[in-house]
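Counted from 1, the sequence shown has number 127 at position 127 by full-length UniProt numbering; the numbering is strictly sequential.
Everything labelled a hint here was simulated from the structure, so no lab data went into it. We put the beta carbon where it would ideally sit given N, CA and C, even for glycine. Treat the hints with caution; some may be incorrect.
Computed spacing ranges between beta-carbons, pair by pair [to be verified]: (1) 48 - 152: 14 to 22 Å; (2) 199 - 113: 14 to 22 Å; (3) 99 - 48: 28 to 36 Å; (4) 32 - 168: 38 to 46 Å; (5) 171 - 197: 24 to 32 Å; (6) 115 - 82: 29 to 37 Å.
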Amino acid sequence: MSDLSPRSDTAVVIPAKDEGDRIAATVTAALRLPGVSLVLVVDDGSSDETGRVARAAGARVVRHSRNRGKAAAMESGAEAVRLLDEDCHLLFLDADLGETAAAAAPLIGPVRDGVADMTIATFATRVKLGGHGVVVRVARDGIKRLTGFDPAQPLNGQRCLTRAAFDAARPLAAGFGVETGLTIDLVRKGFRVVEVEVEMAHRATGSDWRAQLHRAKQLRDVSRALAAREPTVVKAMETIESFRPQTRP
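Build the full structure now, drawing on both the sequences and the hints.
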């Protein structure tokens, strides 16, 4: 009888900061995904027990001694996976998904089957993703203007991609601009990017001052990612660089 079980070819990377209350459920659910060989949590300078809880739940843990931002956490996680298993596809999940992380399997299939180089989740139940409203519109409009691709949920961080696609997008756009930059860079380079609807959800963004500050940071980082990829801005930066005085040996 042939073995019809999915091959173990996917590593889950979960950037996390101060998610000690939900990380165990997220890790446990991710470990149940078909074909997942590794769940790695990047503790991005948490002040709580995120790292310890994640390890107890079965994840490998990489820790940043200080908060370095989402993009840096993704790069650290991908590099750790490379050291353990270079051929793995990469599935990035948010730390606050909880048990709904078990519904991420549809993101893996198209990448595993060679149909897509990167899949982006669209949540069937539309909880307000961070920056819902103006930041989403800025990201969507910018991606469409620069690539022609019109994503439904451009800031969704649940993504599966091949190692080749991830490496082609490095260095990643900083901070919360990582999703916007990743999409633009891969579409421009000819990689196949598709959105996949999933039954997942995470913590809704609130409206207190912390949430407003979070949105402001998102808008800043998304705007920077877009500006760095605008042809006119890139040309101007190249011109400035060409006039920079050369230091003598």
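Here is what the structure says about each hint:
| no. | hint | result |
| --- | --- | --- |
| 1 | 48 - 152: 14 to 22 Å | violated (33 Å) |
| 2 | 199 - 113: 14 to 22 Å | holds (20 Å) |
| 3 | 99 - 48: 28 to 36 Å | violated (20 Å) |
| 4 | 32 - 168: 38 to 46 Å | violated (30 Å) |
| 5 | 171 - 197: 24 to 32 Å | holds (30 Å) |
| 6 | 115 - 82: 29 to 37 Å | violated (24 Å) |
In the structure shown, a violation is registered for the earlier hints numbered 1, 3, 4, 6, in ascending order.
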